[in-house]
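Engineer: What follows is each chain in one-letter form.
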Amino acid sequence: MSAAAAIRTAMPEAPAFKQGQSVRVLKVDAPGHIRTPRYIRGKNGVIERFVGFFKNPEELAYGRSGLPMRALYRVRFVQSHVWPDYRGAAADTIDIDLYEHWLQPAKTA
Amino acid sequence: MKAYHDLGGTPAGPIDKAEHDLQLWEKRIEALLVLLKNKNILRVDENRRGLESLGSDVYFSLSYAERRMLSMSNNLILKGVITVDELAHKIAEIESRKDPLP
Amino acid sequence: MNDPHDTHDHGDHTHGAGHRHPFQPDHDDMLTYPRKLEMAVRELLIEKGIITADEVRKVVEDIESRTPEGGARVVARAWTDPKFKQALLEDGTEACVSMGFEMALYDVKLTVVENTPQVHNLIVCTLCSCYPRMLLGLPPAWYKSRAYRSRAVNEPRAVLREFGLEVPDAVTVRVHDSTADLRYLVLPMRPAGSEDLSEEELTALVTRDSMIGTAVLQPFKAEKEGRKGRSTDAR
Numbered sequence: 000m001s002a003a004a005a006i007r008t009a010m011p012e013a014p015a016f017k018q019g020q021s022v023r024v025l026k027v028d029a030p031g032h033i034r035t036p037r038y039i040r041g042k043n044g045v046i047e048r049f050v051g052f053f054k055n056p057e058e059l060a061y062g063r064s065g066l067p068m069r070a071l072y073r074v075r076f077v078q079s080h081v082w083p084d085y086r087g088a089a090a091d092t093i094d095i096d097l098y099e100h101w102l103q104p105a106k107t108a
Numbered sequence: 000m001k002a003y004h005d006l007g008g009t010p011a012g013p014i015d016k017a018e019h020d021l022q023l024w025e026k027r028i029e030a031l032l033v034l035l036k037n038k039n040i041l042r043v044d045e046n047r048r049g050l051e052s053l054g055s056d057v058y059f060s061l062s063y064a065e066r067r068m069l070s071m072s073n074n075l076i077l078k079g080v081i082t083v084d085e086l087a088h089k090i091a092e093i094e095s096r097k098d099p100l101p
Numbered sequence: 000m001n002d003p004h005d006t007h008d009h010g011d012h013t014h015g016a017g018h019r020h021p022f023q024p025d026h027d028d029m030l031t032y033p034r035k036l037e038m039a040v041r042e043l044l045i046e047k048g049i050i051t052a053d054e055v056r057k058v059v060e061d062i063e064s065r066t067p068e069g070g071a072r073v074v075a076r077a078w079t080d081p082k083f084k085q086a087l088l089e090d091g092t093e094a095c096v097s098m099g100f101e102m103a104l105y106d107v108k109l110t111v112v113e114n115t116p117q118v119h120n121l122i123v124c125t126l127c128s129c130y131p132r133m134l135l136g137l138p139p140a141w142y143k144s145r146a147y148r149s150r151a152v153n154e155p156r157a158v159l160r161e162f163g164l165e166v167p168d169a170v171t172v173r174v175h176d177s178t179a180d181l182r183y184l185v186l187p188m189r190p191a192g193s194e195d196l197s198e199e200e201l202t203a204l205v206t207r208d209s210m211i212g213t214a215v216l217q218p219f220k221a222e223k224e225g226r227k228g229r230s231t232d233a234r
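Chains as they are written, first to last, in numbering that gives the first Met the number 0: chain A, 0 to 108; chain B, 0 to 101; chain C, 0 to 234.
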């Protein structure tokens with residue numbers, strides 16, 4: 000098991016991603032209660048900060064415990080990378096609070 | 000089933016900026032949700048999932064408060080907090096009242 | 000008790016200087032199905048001893064007591080007290096508790112984001128309408144609308160234009176989509192010309208929309224004889 004995978008499967012003690020790290024949002028569709036908006040799936044962003052550990056809302060939505068807790072991050076995206084026809088300043092961004100299991104490392108933002 | 004509630008970036012028209020005060024019954028819906036949450040009967044996440052299960056026709060034809068009330072009722076029935084029978088009888092009784100407004 | 004606004008005691012609840020807003024027409028006095036459902040469910044829950052009528056009344060009162068003035072007080076304190084501002088930006092909930100706000104009913108994290116000459120923040124919840132209710136009260140209808148939830152993320156500058164706000168390209172527009180347990184409040188920039196105002200006077204300048212990000216505060220111009228200037232955009 001790689002070091003990164005080991006960290007990810009442990010009880011919440013260490014978030015997998017670091018501030019400033021480039022990440023990609025999984026491009027996955029699934030039924031159920033998901034708090035990762037469709038418009039951001041498959042997009043690349045940067046970890047703005049680790050927010051904390053929270054119970055998983057996808058599980059809470061079905062009356063389950065939501066444990067083990069999941070790491071939550073604020074991830075920052077450049078708007079012109081998110082929307083092909085974005086009309087605004089090149090530096091405009093969007094911050095979204097996303098759970099670790101929806102993120103994977105990416106090479107560049 | 001399409002995630003009709005997931006609205007970011009979907010086509011939409013101008014924003015209606017008119018202000019609308021909430022009526023008492025709408026505030027009570029919010030109050031019920033707070034109480035049910037604080038008493039560990041209905042989580043916010045469960046109520047959201049209920050909203051996402053109403054179907055797009057219902058979701059977009061009801062107001063914010065109305066669809067939250069529907070989701071709450073569905074969830075309470077699902078959890079066995081109230082039964083369909085109790086609810087039906089209570090609604091019938093309300094309808095038969097001379098002055099049903101609180 | 001047909002019109003709740005007539006029979007409610009507003010107390011200190013400020014509501015834009017007594018200005019009334021119309022109820023949505025199809026909700027006026029009609030016992031629609033959702034209204035019957037609300038009555039039925041509430042009465043059943045009370046009959047079953049799960050809640051009491053008193054509890055419902057108290058929570059409704061708490062909801063009504065929360066108005067944008069709460070957020071305005073926090074903003075005014077942040078403008079005048081650099082230590083408080085730092086604490087607010089680090090942990091919004093804790094800072095508000097220190098000011099005496101009752102935050103326990105809300106198990107979400109208040110997160111304050113600061114407007115600067117370089118960055119303008121805009122708050123939205125595309126998935127449902129999450130909003131910093133503990134400080135601002137209930138969200139305006141437009142915040143919950145399909146159009147705002149759709150367009151605030153992909154065309155924020157056009158949305159701001161609809162609110163009468165043109166943000167220059169040199170200023171970055173930063174949108175926050177509240178998808179988890181954080182509730183965002185914008186700390187607007189302090190109006191130019193307000194340097195001599197007291198915290199209480201500053202509180203009166205802060206509008207609800209400036210704390211959501213759909214407005215900025217106009218420069219303060221002192222008017223003659225004790226009447227304080229008010230910001231021009233809607234509360």
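Please keep in mind that the hints were generated in silico from the structure rather than gathered at the bench. Be a bit skeptical, because a hint or two may be false.
[Claimed, not checked] A few chain C residues that don't get close to chain B, going by computed Cβ distances all over 12 Å: (1) 34; (2) 51; (3) 89; (4) 106; (5) 202.
[What the hints assert, rightly or not] Straight-line distance between alpha carbons at most 20 Å, and here's what the computed EDC-like set of lysine to aspartate or glutamate pairs gives: (6) B:36 to C:89; (7) A:26 to B:84; (8) B:38 to A:58; (9) C:35 to B:84; (10) A:17 to C:89; (11) B:16 to C:61; (12) C:47 to B:18; (13) B:38 to C:61; (14) C:35 to B:94; (15) B:26 to C:89; (16) B:89 to C:165; (17) B:38 to C:54.
Every residue gets a Cβ at the ideal spot worked out from N, C-alpha and C, and that includes glycine.
Engineer: For every hint, state whether the structure bears it out.
Structural biologist: Hints, one by one, checked against the model:
Not every beta carbon of chain B lies more than 12 Å from that of residue 34 of chain C, the smallest distance being close to 5 Å; the non-interface claim is violated. Residue placement check: residue 51 of chain C does not keep its beta carbon more than 12 Å from all beta carbons of chain B (closest about 9 Å). Distance check for residue 89 of chain C against chain B: the nearest CB is about 25 Å away, which clears 12 Å, and the non-interface claim stands. Look at residue 106 of chain C: its CB is around 8 Å from the nearest CB on chain B, not clear of 12 Å, so calling it non-interface is violated.
The non-interface label for residue 202 of chain C is consistent with chain B: the shortest C-beta to C-beta separation is roughly 21 Å, beyond 12 Å. The suggested pairing of residue 36 of chain B with residue 89 of chain C is violated, with an alpha-carbon distance near 27 Å, which exceeds 20 Å. For the suggested pair residue 26 of chain A and residue 84 of chain B, the alpha carbons sit about 44 Å apart, so the restraint of at most 20 Å is broken. As the CA atoms of residue 38 of chain B and residue 58 of chain A are separated by approximately 19 Å, the hinted pair is consistent with the 20 Å bound.
Taking the CA atoms of residue 35 of chain C and residue 84 of chain B, the gap is near 15 Å; set against the 20 Å cutoff, the hint holds. Distance hint between residue 17 of chain A and residue 89 of chain C is fulfilled; the C-alpha atoms sit about 19 Å from each other, no more than 20 Å. For the hint pairing residue 16 of chain B with residue 61 of chain C, the CA-to-CA distance comes to about 26 Å; that exceeds 20 Å, so the pair is violated. Only pairs whose Cα atoms come within 20 Å are accepted, and residue 47 of chain C paired with residue 18 of chain B is rejected, the gap being roughly 37 Å.
For the given pair, residue 38 of chain B sits about 17 Å from residue 61 of chain C by alpha-carbon distance, which is consistent with the 20 Å threshold. About 8 Å separates the Cα atoms of residue 35 of chain C and residue 94 of chain B, which keeps this hinted pair within 20 Å; it holds. Between residue 26 of chain B and residue 89 of chain C the alpha-carbon distance is near 32 Å, which puts this suggested pair outside the 20 Å criterion. As the CA atoms of residue 89 of chain B and residue 165 of chain C are separated by approximately 53 Å, the hinted pair breaks the 20 Å bound.
Pair hint residue 38 of chain B plus residue 54 of chain C holds up; C-alpha atoms about 12 Å apart against a cutoff of 20 Å.
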